[in-house]
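Asks: The primary structure of each chain is shown beneath.
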Amino acid sequence: MEYSIVQVVLVFLVTFIAAIDQFNFLESLYQPIVMGLVIGLILGDVRTGLVVGGTYQLMTIGNMPIGGAQPPNAVVGGIMACVLAISLKLDANIAVATAIPFSLLGQYGVTLIFTLMSPLMGKADQYAAEANPKGIERINYFAMALLGLVFGAVVTLFFIGGATMGQAVVDAIPTWLSDGLSAAGGMMRFVGFAILLKFMMNRDMWGFYFLGFGLALVVSTNEVLATPALLILALIGFGIAYWDFQQQTELKGAAQEFDGGEEDGI
Amino acid sequence: MASKDQKTTYENLEPAADLDQKTLNKMAWRSCFLQASFNYERMQAAGWLYSILPGLEKIHTDKDDLSTSMEHNLEFFNIHPFLVTFAMGIILSMEQKKVDIPTIRAVRVSLMGPLGGIGDALFWMTLVPITAGICSNMAIQGNAFGPILFLLIFNVVQFVLRFALMNWSYKMGSSAIDSLMGVMKPFTRAASIMGVFIVGCLTVTMGGTQIKAVIPNGTTQAYVAHTATVPNDSVKSFDVIKSNDEGVTLSGMKDSDGNYLTTTDAEGEEVSAGVTDLGNGMSEVTYMEYTETPVTIDIAKILDSICPKLIPLTIVMLLYFLFAKKNFTPMKAILLVLVLGILGAGPFGLWPSIWG
Chain D
224 MEYSIVQVVL
234 VFLVTFIAAI
244 DQFNFLESLY
254 QPIVMGLVIG
264 LILGDVRTGL
274 VVGGTYQLMT
284 IGNMPIGGAQ
294 PPNAVVGGIM
304 ACVLAISLKL
314 DANIAVATAI
324 PFSLLGQYGV
334 TLIFTLMSPL
344 MGKADQYAAE
354 ANPKGIERIN
364 YFAMALLGLV
374 FGAVVTLFFI
384 GGATMGQAVV
394 DAIPTWLSDG
404 LSAAGGMMRF
414 VGFAILLKFM
424 MNRDMWGFYF
434 LGFGLALVVS
444 TNEVLATPAL
454 LILALIGFGI
464 AYWDFQQQTE
474 LKGAAQEFDG
484 GEEDGI
Chain L
3 MASKDQKTTY
13 ENLEPAADLD
23 QKTLNKMAWR
33 SCFLQASFNY
43 ERMQAAGWLY
53 SILPGLEKIH
63 TDKDDLSTSM
73 EHNLEFFNIH
83 PFLVTFAMGI
93 ILSMEQKKVD
103 IPTIRAVRVS
113 LMGPLGGIGD
123 ALFWMTLVPI
133 TAGICSNMAI
143 QGNAFGPILF
153 LLIFNVVQFV
163 LRFALMNWSY
173 KMGSSAIDSL
183 MGVMKPFTRA
193 ASIMGVFIVG
203 CLTVTMGGTQ
213 IKAVIPNGTT
223 QAYVAHTATV
233 PNDSVKSFDV
243 IKSNDEGVTL
253 SGMKDSDGNY
263 LTTTDAEGEE
273 VSAGVTDLGN
283 GMSEVTYMEY
293 TETPVTIDIA
303 KILDSICPKL
313 IPLTIVMLLY
323 FLFAKKNFTP
333 MKAILLVLVL
343 GILGAGPFGL
353 WPSIWG
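Chains D and L, in that order, are what the protein sequence lines are.
First residue of the first sequence? That's 224 in our numbering, and the numbers climb one at a time after it.
First residue of the second sequence? That's 3 in our numbering, and the numbers climb one at a time after it.
Derived from the structure by calculation, the hints contain no laboratory data.
Computed from a predicted model, the values in this text were never measured in an experiment.
Watch out, some of these pointers could steer you wrong.
Covered, in the sense of this in silico footprint (three residues per stretch, anywhere, with C-beta under 8 Å from a C-beta of chain L), are these stretches of chain D [claimed, not checked]: (1) 233 to 240; (2) 255 to 267; (3) 363 to 371; (4) 443 to 457.
Pair by pair, the computed Cβ-Cβ distance ranges are [unchecked claim]: (5) L:ALA224 - D:LEU311: 55 to 63 Å; (6) D:ALA352 - L:TRP31: 56 to 64 Å; (7) D:ASN445 - L:LYS328: 50 to 58 Å; (8) D:LEU236 - L:ILE308: 31 to 39 Å; (9) L:VAL341 - D:ALA352: 22 to 30 Å; (10) L:ILE213 - D:ASP314: 27 to 35 Å.
Every residue, glycine too, gets a C-beta built ideally from N, C-alpha and C.
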C-alpha cells in the first residue's frame, strides 16, 4: 500500500507529539485508544484504527508506569499496531502482537534517552549558578524535542520500512549493550540519592538513614502494602521526626525557663 | 560552585510579597512539563525547577539568591507527576518566607515519599483502568466517541487536581510556616531526619539493581530415589543392581551390609528404599541411584540472606563517600556508573552479564 508524503509527515508529527505527551503535557493523548483514532484518520480507516487502538489499550491497562517502572513503550507499540493493521490488512489481535517488538524497541529508546540525558544536568547546574532561567527553559525544551525527534524518526522509518525492519533492528542491538545501559540506568538514581545525603547528612543522622532502609525492607516484603508502602514509611518517618521536634522544642523551652529562674534569683 | 554549596541562608531575608494568582496559574500549567528533561540521575529535577521558576523569579529579586535557590532546586527530585503542584505550593511558600535552605531541602525530600503511592493508586490503578476499559470497548465497537470521552474524563480530573492542589498547598504552607518561624532550628533538624529517613526508604523501594551471577561449584553425589512397579518375583533383583569395585551400591535398594538405603529428597524429607506389596502379584519398589548433580553458588541468594538490597545500599554508600570525601562531581559519578553497568553486562560477550 502506497502512502502520500502528507501522510508520512502527519504520522511523524503525531508521533513527535505523542512521544512528548507520554511523560508531559496531557499525559493521555499518547494512549493507544487515542492514537488509534488519530492514525485511523490519517490513513483513512477510522474503524480499524478504533478497533486496534481499543484492543491495544486493553492490553496495556495492566502495564502502566506504576512506581516509575518503564513498561514496553505504548507510543511506538500503539501507533505501529494501527499502521500494521491498516497497511497490511491484519486482524486487530495479530497487529497488536506484531507490534510488540516495536514497543520493546521504544522501551530501549526511552532507557537510552534517560541515561544519556543525565550529563545534561551538569549544564543545568551551570545555568542555575548563573541565575539563568532561560537556560533552564531551553534545556527542558531541548530534551522534549530530542525525545519527540527520536521517536518520530524511528516510527516514520518503520512506517516506510514495514514490519520486517522492526525485528531486524531489535536483533541488531547486542544484548550486552542494552543490558549494560539498562543496568547503568537503574543505578543512575543512586547518584542523586548520594548527592541528597551529602547535603542533609550530619554525623548523628546516619541512624535515621539505616532506620528508613531497614523499615522499607520489612514493609516491602508485604505484597498487600506494595502501593501504599512509601506512604506508610513516610508516616513512620513523620512520627520519628515529630517526636524529635517535640523533644528539641521542649528541651529548649525547659532550658529557657531554667535561665529565667536564675535571673530571678540574681 | 563549591562555595555556593555551603550556603545555608539567603542574602535577602525579607519575606517576599505573596505570589499573585496569575503566577500560581502559570506554574500549574508549567507543572505539566515536570518530566520534560527526565533522566536517571536527577529524574524530574530540571522540570521541577522549570515549573517553579516563575515563582522563584518573583520571590528572589537578588540575583545571587535566585542562583542559590535554582541550584538547590536542581537536586534529585521525583514525585507523582499529577500531584506535583502540592509540593510546589509548599516549597514556594517556604522560599517566599526565605526559610533557610537546609529546611527547604529537607521538606522537599520528605514530600517525595508519600505522594507516589497515592498518585499511582488514584490514576494508574483506578481512573485509567476504569475509563480506558469502558472507552476501549466503545472504540472496539467502532464508536469514535470512546477516545474522546477518555480524554475528557482524564484531563478534567488531572487539571482540577493540579490547580486546586497548587492554591491549597501554597496557602496552607504560608500559614504553617508563620507559626513555625520561632522554632526553625528544631524544625530543620526534624525535617532533615525525615528527609534522610525517606532516602533510606527510596534506596529500597527504587533500588532494583541486583547481581545475578551464578558460580559453578563442582558437583555433589547423592542417592536419588526412584520407584517402579515390578512383578513380585523380580523384587530380589532390585537389592543391588549395580555396585562399584569397593562394593558401594551405585544403584539398588540395599548397601553392602544388606541394610535398606536412605536419602533425603528435594523437600528435605527422608526417603527410604523398600518394597510395598500391592497384593496383585506386583510390588512397588523404591530403589536408589547414585547421581552426580552440579552445584552452583547463587550470589543473589547469598547477598539476600545477609541483607536484601545490599547492592543498592553499597552503591549509595560508595557514591556518598566519593562525593563527601573525594570531592567527586556528579559528572564523574555518572561516568563511573555507566562504566560499571556496561562492564557488568560483559561487553562484547567477554563474560556473562552479572545484572539481575
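Asks: Would you mind marking each hint as holding or not holding in the structure?
Replies: Now for the hints, and whether the structure bears them out:
{"no.": "1", "hint": "233 to 240", "result": "violated (count 0)"}
{"no.": "2", "hint": "255 to 267", "result": "holds (count 4)"}
{"no.": "3", "hint": "363 to 371", "result": "holds (count 5)"}
{"no.": "4", "hint": "443 to 457", "result": "holds (count 8)"}
{"no.": "5", "hint": "L:ALA224 - D:LEU311: 55 to 63 Å", "result": "holds (56 Å)"}
{"no.": "6", "hint": "D:ALA352 - L:TRP31: 56 to 64 Å", "result": "violated (27 Å)"}
{"no.": "7", "hint": "D:ASN445 - L:LYS328: 50 to 58 Å", "result": "violated (38 Å)"}
{"no.": "8", "hint": "D:LEU236 - L:ILE308: 31 to 39 Å", "result": "violated (53 Å)"}
{"no.": "9", "hint": "L:VAL341 - D:ALA352: 22 to 30 Å", "result": "holds (27 Å)"}
{"no.": "10", "hint": "L:ILE213 - D:ASP314: 27 to 35 Å", "result": "violated (43 Å)"}
Hint check: violations occur at hints 1, 6, 7, 8 and 10; the rest are consistent with the structure.
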